[in-house]
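Number of protein chains: 2
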Amino acid sequence: MHPEQIKILLSMIQKLIRRGAAHNLQKIVNKSHAADVAAVFSFLSPKDQIFLFHLIDKTDKKAEVLSELGETEFLVIAEDMPAEEIVKIFEEMASDDVADLLQLLPDEKSKEILDLMEKEDSAEVEGLLRFEDDTAGGIMVPDFIALKEETTVADAITALQTKEKDVEMAFYLYVVDDYDHLVGVISLRQLVVARPMTKLQDIMTTNVVTVHSNMDQEEVAKVVARYNILAVPVVDDQNVLLGIVTVDDVIDIIREEATEDILRMAGAGDELVETQSVLRSTRTRLPWLFASWIGGIVAFYIIDHFQGALTKVLYLAAFIPIIMGMGGSVGTQSATIVVRGLAMGRFNVKQILPVVLKELTIGGLLGFFYGLLLGIVAQYRYDLWGLGIVVGFSVLCSMTVAATVGSCVPLILARIKVDPAVATGSFVTTSIDILSVLIYFQIATVLLHL
Amino acid sequence: MHPEQIKILLSMIQKLIRRGAAHNLQKIVNKSHAADVAAVFSFLSPKDQIFLFHLIDKTDKKAEVLSELGETEFLVIAEDMPAEEIVKIFEEMASDDVADLLQLLPDEKSKEILDLMEKEDSAEVEGLLRFEDDTAGGIMVPDFIALKEETTVADAITALQTKEKDVEMAFYLYVVDDYDHLVGVISLRQLVVARPMTKLQDIMTTNVVTVHSNMDQEEVAKVVARYNILAVPVVDDQNVLLGIVTVDDVIDIIREEATEDILRMAGAGDELVETQSVLRSTRTRLPWLFASWIGGIVAFYIIDHFQGALTKVLYLAAFIPIIMGMGGSVGTQSATIVVRGLAMGRFNVKQILPVVLKELTIGGLLGFFYGLLLGIVAQYRYDLWGLGIVVGFSVLCSMTVAATVGSCVPLILARIKVDPAVATGSFVTTSIDILSVLIYFQIATVLLHL
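If you read the protein sequences in the order shown, they are chains P and D. Positions in the first sequence are counted from 1; adding 385 to them yields the working numbering. Positions in the second sequence are counted from 1; adding 385 to them yields the working numbering.
I should point out that these hints are in silico values taken from the structure, not numbers from a laboratory. Errors might be hidden in some of the hints.
It does not matter which identical chain is meant; a pair holds if it fits inside one copy or across any two.
Listed next, the in silico DSBU-like pairs over lysine-lysine satisfying Cα-Cα at most 30 Å (straight line) [unchecked claim]:
hint, residue 1, residue 2
1, 432, 504
2, 392, 443
3, 735, 697
4, 743, 504
5, 400, 432
6, 735, 400
7, 533, 802
8, 584, 416
9, 400, 494
10, 446, 697
11, 802, 443
12, 412, 735
13, 743, 432
One chain only, chain P, in its complex shape (with noise of 0.2 Å):
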């Protein structure tokens, strides 16, 4: 369904229930897609989101509407829900996804509900739980079809029959030894155009990609992409099959990590919290604005500190917007390249020199053409000899060194293993900001031997 058709049933659905329309409530959510009921749950009042949620019929449809849910409005349905009711609804989802919102659950009811659901399934989401959460263990799925290497194409096709339906996007078989560990793979097709007798081990593709339980989801989610496959197997140290990562999984993972490297680059938290309670947003965003705040603070003293230069020639102050400005703007250009092309796996971070080489080169031509046009408005407009120079010269080097520094800070942190988004928004516009005023002043003092 498109967004405009979306919008449309959202008005429709409010419409209705504003009306109190309950039959034809009833109606609409059980032809409509789970996806598109669920994408029209963020935009209802809580109260409403409970009362569309119970005119659901089947509990399989519930499922499916539960695990597109965001976390706020699972919540609000949860909350209002008995766990027998609940583990009712998880019964028919995938285990990854009761993992997940298990976990979004407080703790009691959470352990109310893993008592109460069937042994087989509560061991299941058990054993995801025991992963953490952002790596390939807790995502995958343990629903796969796994064979052994003697059974036959014909075999194969009535296992995929009897097989309960909620393996998840079952679009590759995957083969093991006698001990579980993973020997082959083959994909539908091939079993599809494979003779009824032939056996697996004769088809199978044997150079199987792989990733390990613990390895991180950002990563998995690359080796998904890199290989263009639907499904990748997690194994253990051993090689024994647990699981398998599905590529719906992990375009999630790939908006999600994108999300977070936007919002931390912004100094905004890890998550979109615009759902979250102004309170809430406020703690959030609060803490990652005090190193702007420490820049601030810094910045003042080194004015204060340069107070004398600035009585004799007080037109310094109006510069200063204009020469943190340009700064900042271009250490944000630098960083921002190189925090996005470390995410897409475009730099060896072993090779700092020649990138950070590169954007110093790019911000002093940058900053040449800035300071020149800065130099002559500025001559232009004060006619005081020198002044010009000082404002110009002092947008070339600040707009360098913001290049450089901007470039270089994320190169270090990924190489000692910190998530460059995170420090780079804020430490490197606060550097920047630091060193652009110290320059400024420390030219303008020498040049006009104030």
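Following the hints, complete the assembly by docking chain D onto the known chain P.
Then chain D, alone, in the frame of chain P:
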């Protein structure tokens, strides 16, 4: 292959190139996965890239490597090869990839190649070139399997066996009526478990998620992500099936679009330019900085205008950086949250007011906190009655205004269908710089009676 393994492969290849060990190199490139070979290319010199490429034995492997290469690397290889040889490789490639690569080549060479290609292939590619680059039509592959409603499962399996292997990721079969209108879809999974004599119309899903050929690729990606499907069929106005967009291409789009958004917000162009030359990078980044420059000049004239006040209370100058910095930081936070929220489809563009009101409140709360902090520091440092109140109140006002502007601008742009990421970076930062300085000096003049 994990990043570490790629590094090992790279250093092995570099060592062998230095030694001129062509035979060993040949073994390695032919044994390694095409995606891994392509990953290595970006770290080699153009000369070595060409050398290595010609060591690949099989044409289909060459095709795989070529379609995985970055733009720069592809052009290095293509410029060195006669059109005849390129055609041979292109014939092994999916037609959407061929169309993408052709667009990178100079017009003359791409025409020459199209002329040389076999009629059927070149018609397919030219068909794709008709569509806009960034639309569903431009990214779809025309290689799909479409069968009639009355076809039996057994015949469908035969069709799968006879269709050439270059159908990309065939995990769905599409069902069309006599006029090629799309009427249903069947997954391979459904096909495998159905009885041989069943007609497709009895097992097909009729509620097919489709996209129109002129839908923007970003929307296409959202559709695939929302419905967790592996491929989405592309149709024209009459619902005639034209092609499919597969999930592996969607992953690339999501990564590209995220990169585009991140870079645009930082005013650093549209795509990663780190492989471009210094001059080209400088040219890309130069115009984006002009907004900052203008902002700085306006700020300069504002301060210049308040020179009288500045002469009386010189300390005012020292607070310029912190007041601008705090405004800029909170404005960037707000703008980023809204831009990313829009990209992720979390906001309804029609509901501008609640979002902006929320940001205004958050900006006010953050401004109150940091304003108070700064007021105390200023009062303690100068002991000039009123200065603490002036700077504290300025931080409060400037942060509130910044959060409001930062959230308003992207929402308004999205509403008038301008990409919010493009304009937000430069426009928001610049206007916040100007507003902060103006607010600060206005407050100072009034409260201190200057």
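Do the hints match the structure? See the list:
1. 432 x 504: neither (34 Å within a copy, 62 Å between copies)
2. 392 x 443: Classified as within: same-chain Cα gap 24 Å, cross-chain 51 Å, threshold 30 Å.
3. 735 x 697: Neither. Shortest intra-copy (48 Å) and inter-copy (54 Å) distances fail the 30 Å Cα cut-off.
4. 743 x 504: Intra 60 Å, inter 45 Å, cutoff 30 Å: neither.
5. 400 x 432: within (15 Å within a copy, 66 Å between copies)
6. 735 x 400: between (59 Å within a copy, 16 Å between copies)
7. 533 x 802: neither (41 Å within a copy, 55 Å between copies)
8. 584 x 416: between (43 Å within a copy, 25 Å between copies)
9. 400 x 494: neither (35 Å within a copy, 58 Å between copies)
10. 446 x 697: neither (75 Å within a copy, 71 Å between copies)
11. 802 x 443: This pair counts as neither: shortest intra-copy Cα distance 47 Å, inter-copy 39 Å.
12. 412 x 735: Intra 60 Å, inter 27 Å, cutoff 30 Å: inter-copy only.
13. 743 x 432: The answer is between: 21 Å across copies meets 30 Å, while 57 Å in one copy does not.
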